[in-house]
Amino acid sequence: MARTVIPIGPQHPLLKEPLAFQIMLEGERVTDSTMRMGYVHRGIERLCQERTYVQNIHLLERVCGICSHVHAMTYCHAVESLLGIEVPLRAAYLRALLCELERIHSHLLWMGVLARNIGLDTIFMYAWRDREVVLDIMEALSGGRVSHAINIIGGVRSDVTPEDREEILEQLTTLDRQVTRLVGVVEHERSLQTRTKGVGLLSLEQVRRYCVVGPVARASGLDADMRRDEPRTPYDRLSFNVPTHTAGDVWARTLVRMQETRVSVELCRDILKEIPEGPLAVRAPRRVPPGEAISRSEAPRGEVFYYVRSDGSDTPARVKIRTPTLPSLLTLPQQLKGVTMADVSVVLSGVDLCIACADR
Amino acid sequence: MNALIKLLIFPGFGFLFIAALAFDWIDRRMIARYHGRVGPPWYQPLADFVKLLAKEDIVPEGTHGLAAAALPIVSLTAVLTASLYIPVGGIVGASFEGDLIVVLFLLTLPALAYFLAGWISVGAYSVLGGHRSLLQYFSYEVPFLMAVTCPAILAGSWSIAEIINSQAQTAWSALMQPLGFILALIGLIGKLKRDPLDIPKAKSEVVAGPLTDFSGRKLALWHLTMNMQTVLGIFLLVNLFFGGSRLFDRVPALPVFGMKSVAILLALSTASALYARLRIDQLMDLGWRVLAPLALIQILATLWIGG
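Protein sequence lines, in the order shown, are assigned to chains W and F.
Per the working numbering, the very first residue in the first sequence carries number 1; after that it's consecutive.
Per the working numbering, the very first residue in the second sequence carries number 1; after that it's consecutive.
Note that these hints are calculated values from the structure, not bench results.
Even for Gly, the Cβ is constructed at its ideal location relative to N, Cα and C.
Among the hints, a few may not be true.
[Stated by the list, open to error] In silico DSS-like pairs for lysine-lysine, Cα to Cα no more than 27 Å straight-line: (1) W/K273 <-> W/K16; (2) F/K203 <-> F/K55; (3) W/K16 <-> F/K203; (4) W/K197 <-> W/K16; (5) W/K337 <-> F/K55; (6) W/K197 <-> W/K337; (7) F/K51 <-> F/K203; (8) W/K197 <-> F/K203; (9) W/K16 <-> W/K320.
[Said to hold, decoys possible] Partial chain F-side listing against chain W, Cβ under 7 Å, derived: (10) Y34; (11) H35; (12) G39; (13) Y43; (14) G65; (15) V122; (16) A124; (17) E141; (18) D195; (19) K203; (20) T270; (21) A276; (22) R277; (23) R279.
[To be verified] Quick list of simulated restraints, FRET-style, between CB atoms: (24) W/Q49 <-> F/L53: 51 to 59 Å; (25) W/Q22 <-> F/D48: 48 to 56 Å; (26) F/W288 <-> W/E26: 21 to 29 Å; (27) W/Q49 <-> F/V38: 35 to 43 Å; (28) F/A54 <-> W/G143: 41 to 49 Å; (29) W/Q193 <-> F/G258: 36 to 44 Å; (30) W/I294 <-> F/K51: 28 to 36 Å; (31) F/V38 <-> W/Y39: 33 to 41 Å; (32) F/W42 <-> W/T34: 47 to 55 Å; (33) F/G216 <-> W/T246: 47 to 55 Å; (34) W/M35 <-> F/G258: 47 to 55 Å; (35) W/P279 <-> F/K51: 54 to 62 Å; (36) F/W42 <-> W/V40: 39 to 47 Å; (37) F/G258 <-> W/D32: 50 to 58 Å.
Same shape as in the complex, but just chain W:
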């Protein structure tokens, strides 16, 4: 049978961010694939060494367009542990609230993209409509829909007033209703299942070997979640379950993400109900003592890791970021082998790629 090479990317309707694949086809079946990345490499880690600790918060918020808050927050955690300061309780709750909102926002966005790529525009429109509610809540909280700029070293910048709190709780009720309905539709949609079941398989062993994290790992049966395994306040005070599946295909990832969305809506409510009164931030010194620190948190796509080394000046000597997309990217050639050309779009959408994160 004839061999064809199909280029996907760096510009292709399937990809929302630049990434290049060469797909080797035999008939409609993929025999091999090569990947090229780095189109959105901005040298953020190097730039971090030229800016002060405070300026870096702004910079690192721009690593990712979807999970902007979790990057800035994880960086702040690392710097705070270098400084040896403890964030006030109220600030920790507010940070966690934005984290959970971001997770809902990211998962709904992903659901829409997957549905769009398999020609199910109705679910795409529904998912993105529901996502609007999250963006509105974020705007009420921080003033920004995507970049929140709410983190400062030692706490957070803006507060939630009692009136805002009531309003957000009301919006969360709407969101809960809409998300429940969407999840119900997705879970019972037969044509979605026929396209996603058995596609993009990753075994538990492969997940361990490639260090895959987040919903992709949990869909293959790896029960790992930074919020529960290494809890920071307020997650140690909240109870929530971590959904996992064992099938390891795109359908399992869909289920994991949809169930996580519902868990996150519940968490948002609990956080808002239990949020204690108190100061928003503690004063942090300008100079950071020499030393190194790591911090990890659960971003929507999985564990995000920061390493910060200080040489005692007002700029960090090194900032290293490990984003959850990178290991998922590396598994793609494995996942693509043997699928049909039509399933390439499902496989690529299924892992929820954030190329900007991976390239930095």
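Position chain F relative to chain W; hints supplied.
Showing chain F alone in chain W's frame:
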């Protein structure tokens, strides 16, 4: 003079052009409602058409220029010719015994032109899309042809006018052969390459399929052909399965015909809003393991009743 009006204005080309744009608009509006959107204003299909006509016409290097220009014209010609034999509200441009076969033949020509459009292109997406369109053709066309044969068998004639008349004496074919109607509807979705059977032009897989390298006037003609084919396919189903323009004797013919056509269009819009795209192998399975046997059963049943 009368013949010229029939050819150019009603039910000929002018009417078909307006109907194509109107159906496109209704379809987009309807799908938008399913999505929870507002949808485009009524002049959007016309604006799209005019915009494409005015745009630069690019033929990539390595593509056969003459073939690229001829293919959209050939498929548009085939569709326009087919329109002469399809009655609209009882009015028909031309009619003879056996016109159903000619119409079915003419309506398959765009599928062939579509495949060739991919074949002559140099782009990988076009070639792959062309292959897919041919594979899709083999899966939907057989059940479609078998399904539209059933009303003809029942009427004992290959003339569309005769089939309409015979339904007036008995009942709508859709009531007597519901299975055949559903098969014809699925076949029509495949023929028109609409969601959920838009496999040859699936955006996330092969960009725009065989039409990826077309632009400007040629793309406008392709789109017009597709829209006209939608209209003609729906008109054909109304004539064959819903007794043409007949509802009750008193009700004027044209509004009834229009309403029946729009009802079928709404069924198509609903299908595209509800289902995810199939894979080509899933469509082959569906076509040969499910649709074709069912169509065979329908034909046997029709022969048993009618014969």
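Quick rundown of the hints versus the structure:
Of the supplied pair hints, the one linking W/K273 and W/K16 is violated, its CA atoms being roughly 37 Å apart against a limit of 27 Å. The suggested pairing of F/K203 with F/K55 holds, with an alpha-carbon distance near 22 Å, which does not exceed 27 Å. Distance check on the hinted pair: W/K16 and F/K203 sit about 13 Å apart at the alpha-carbon level, within 27 Å; holds. A hinted pair counts as satisfied when its Cα atoms are at most 27 Å apart, and W/K197 with W/K16 qualifies at roughly 23 Å.
Distance check on the hinted pair: W/K337 and F/K55 sit about 40 Å apart at the alpha-carbon level, beyond 27 Å; violated. As the CA atoms of W/K197 and W/K337 are separated by approximately 16 Å, the hinted pair is consistent with the 27 Å bound. Distance hint between F/K51 and F/K203 is fulfilled; the C-alpha atoms sit about 21 Å from each other, no more than 27 Å. About 21 Å separates the Cα atoms of W/K197 and F/K203, which keeps this hinted pair within 27 Å; it holds.
A C-alpha spacing of about 25 Å is found between W/K16 and W/K320, which places the hinted pair at or below 27 Å, so the restraint holds. Annotation: F/Y34 was flagged as interfacial toward chain W, and the flag holds, the nearest CB pair being 6 Å apart, inside 7 Å. For F/H35, the shortest C-beta to C-beta distance to chain W is roughly 4 Å, which falls under 7 Å, so the interface hint holds. With a cut of 7 Å, the hint placing F/G39 at the interface with chain W is violated, because the nearest CB-to-CB distance is about 12 Å.
A hinted interface residue such as F/Y43 counts as satisfied when its beta carbon comes closer than 7 Å to some beta carbon of chain W; here the least separation is about 23 Å, so the hint is violated. Below 7 Å, beta-carbon pairs count as interface contacts, and F/G65 has none with chain W, the closest being about 24 Å; its hint is therefore violated. The criterion of a C-beta within 7 Å of any C-beta in chain W is not met by F/V122, whose closest approach is roughly 12 Å, and the hint is violated. Proximity of F/A124 to chain W holds as hinted, the smallest CB-CB distance being about 5 Å (cut-off 7 Å).
With 7 Å as the threshold, the beta carbon of F/E141 stays out of range of chain W, its nearest partner Cβ sitting at about 20 Å, so the hint is violated. Restraint check, F/D195 versus chain W: the minimum CB separation of about 6 Å is within 7 Å; hint holds. Hint on F/K203 holds. Least Cβ distance to chain W is approximately 5 Å, under the 7 Å limit. Hint status for F/T270 relative to chain W: violated, with the closest Cβ pair at about 10 Å, above 7 Å.
Proximity of F/A276 to chain W holds as hinted, the smallest CB-CB distance being about 4 Å (cut-off 7 Å). Because the smallest distance between the Cβ of F/R277 and any Cβ of chain W comes to about 3 Å, under 7 Å, the interface hint for this residue holds. Residue-level restraint check for F/R279 holds (minimum Cβ-Cβ distance to chain W is 4 Å; threshold 7 Å). Evaluation of the 51 to 59 Å hint for W/Q49 and F/L53 yields a pass: the beta carbon distance comes to about 55 Å.
Distance hint check: the CB atoms of W/Q22 and F/D48 are about 34 Å apart, inconsistent with the given range 48 to 56 Å. For the pair F/W288 and W/E26, the beta carbons lie near 22 Å from each other, so the given range of 21 to 29 Å is met. Take W/Q49 and F/V38: their Cβ atoms lie about 50 Å apart, and the range 35 to 43 Å is violated. Judged by the Cβ atoms, the range 41 to 49 Å given for F/A54 and W/G143 holds: they are separated by roughly 43 Å.
Taking 36 to 44 Å as the suggested C-beta distance range, the pair W/Q193 and F/G258 conforms, at roughly 38 Å. Separated by about 55 Å at the C-beta atoms, W/I294 and F/K51 break the suggested range of 28 to 36 Å. In this structure the supplied range 33 to 41 Å holds for F/V38 paired with W/Y39, their Cβ-Cβ distance being about 35 Å. Range check, F/W42 to W/T34: about 48 Å between beta-carbon atoms, so the 47 to 55 Å window is met.
The hinted window of 47 to 55 Å between F/G216 and W/T246 holds, with their beta carbons roughly 52 Å apart. Between W/M35 and F/G258, the C-beta spacing of about 53 Å keeps the proposed range 47 to 55 Å intact. A hinted range of 54 to 62 Å for the beta carbons of W/P279 and F/K51 is consistent with their spacing of about 58 Å. A beta carbon spacing of about 41 Å between F/W42 and W/V40 agrees with the range 39 to 47 Å that was offered as a hint.
The given range of 50 to 58 Å is respected by F/G258 and W/D32, whose C-beta atoms sit roughly 54 Å from each other.
Violated hints, in rising order: 1, 5, 12, 13, 14, 15, 17, 20, 25, 27 and 30; the structure is consistent with all others.
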